[in-house]
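Trainee: Top line first, the protein sequences correspond to chains A and B.
Here the numbering used here is used: the first residue of the first sequence is 1, the next is one more, and so on.
Here the numbering used here is used: the first residue of the second sequence is 1, the next is one more, and so on.
Heads up, a few of these hints could be off.
Partner residues are not named here, just some residues of chain B that face chain A (Cβ under 10 Å, in silico) [stated by the list, open to error]:
1) Val4
2) Pro43
3) Gln44
4) Phe45
5) Gln48
6) Ser86
7) Leu90
8) Arg97
Which chain A residues stay away from chain B? Per the calculated CB distances, all over 10 Å, these [what the hints assert, rightly or not]:
9) Val13
10) Ser28
11) Leu87
In the BS3-like style, the derived pairs of lysine-lysine whose C-alpha atoms are separated by at most 30 Å in a straight line are [unchecked claim]:
12) A:Lys42 / A:Lys79
13) A:Lys42 / A:Lys2
14) A:Lys45 / A:Lys2
15) A:Lys42 / B:Lys13
16) A:Lys45 / B:Lys13
17) A:Lys45 / A:Lys79
Just so you know, these hints were derived from the structure itself, not from any lab.
The beta carbon of each residue, even a glycine, is placed where N, CA and C say it ideally should be.
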Amino acid sequence: RKEVEQDPGPFNVPEGATVAFNCTYSNSASQSFFWYRQDCRKEPKLLMSVYSSGNEDGRFTAQLNRASQYISLLIRDSKLSDSATYLCVVAGGSYIPTFGRGTSLIVHP
Amino acid sequence: ETGVTQSPTHLIKTRGQQVTLRCSSQSGHNTVSWYQQALGQGPQFIFQYYREEENGRGNFPPRFSGLQFPNYSSELNVNALELDDSALYLCASRPNRGQTEAFFGQGTRLTVV
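The task is simple: from the sequences and hints, build the whole structure.
Mentor: Here is the structure:
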């Protein structure tokens, strides 16, 4: 079983739609959780951290469920510019970030 | 811009050759990690350097080696290149090994023919 698993998609949604991505992780001792965004042929960039109580940043909401070992990312009112790959990232006691394979999002007009 | 720079940006090598990739970390960051990202996959952790010492290693063979210098810049060396080594190689710096948020360079795209 991979340490971090994501549905690769692609998720193909119209502008204005709400879309949700899930990610599961295998190490119950994981301590830090993030979502990164990666545009085509570019480097990953931090989108947001994920906190135990859940957190929101504008149209983006992240949730963590430690009992079930999954994190989620909800994007509301999708924009064309949201088209990218979204990488789930988990780190344990070593603090070394472990990446999922990413979920591809395509927002169309 | 993250302040992390990598060179070269693109490289073509022949199978069996050796390659050195370079990374200049963000100012004040003492921890550098290297990742390999194959097409359609997420970044895979190769190894990490903290204050010039290897501080963690992923599931990569010994022909992948590295260095970190006193100014915290870093090199990734790959010997005996194989076709499957073709990938985007990403360097990520962190302020300290105890912090997880990573800042990535733009990557080096290596093609092995």
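Trainee: If a hint holds in the structure, say so; if it does not, say that too.
Mentor: Evaluation of the provided hints:
1. Val4: The hint holds - Val4 (chain B) has a Cβ within 10 Å of chain A, the shortest such distance being about 8 Å.
2. Pro43: Holds, about 5 Å.
3. Gln44: holds (8 Å)
4. Phe45: holds (6 Å)
5. Gln48: holds (6 Å)
6. Ser86: violated (14 Å)
7. Leu90: holds (6 Å)
8. Arg97: Since chain A brings a Cβ to about 6 Å from Arg97 (chain B), closer than 10 Å, the hint holds.
9. Val13: holds (20 Å)
10. Ser28: Holds, since 17 Å exceeds 10 Å.
11. Leu87: violated (6 Å)
12. A:Lys42 / A:Lys79: Holds, at roughly 19 Å.
13. A:Lys42 / A:Lys2: Answer holds: Lys42 (chain A) to Lys2 (chain A) is near 24 Å, not above 30 Å.
14. A:Lys45 / A:Lys2: With Cα atoms ~22 Å apart, Lys45 (chain A) and Lys2 (chain A) stay inside 30 Å; holds.
15. A:Lys42 / B:Lys13: Given that 30 Å is the threshold and the Cα spacing comes to 21 Å, the pair holds.
16. A:Lys45 / B:Lys13: Given that 30 Å is the threshold and the Cα spacing comes to 28 Å, the pair holds.
17. A:Lys45 / A:Lys79: The hint holds at about 18 Å.
Checked against the numbered hints given earlier, this structure breaks hints 6 and 11; the rest are met.
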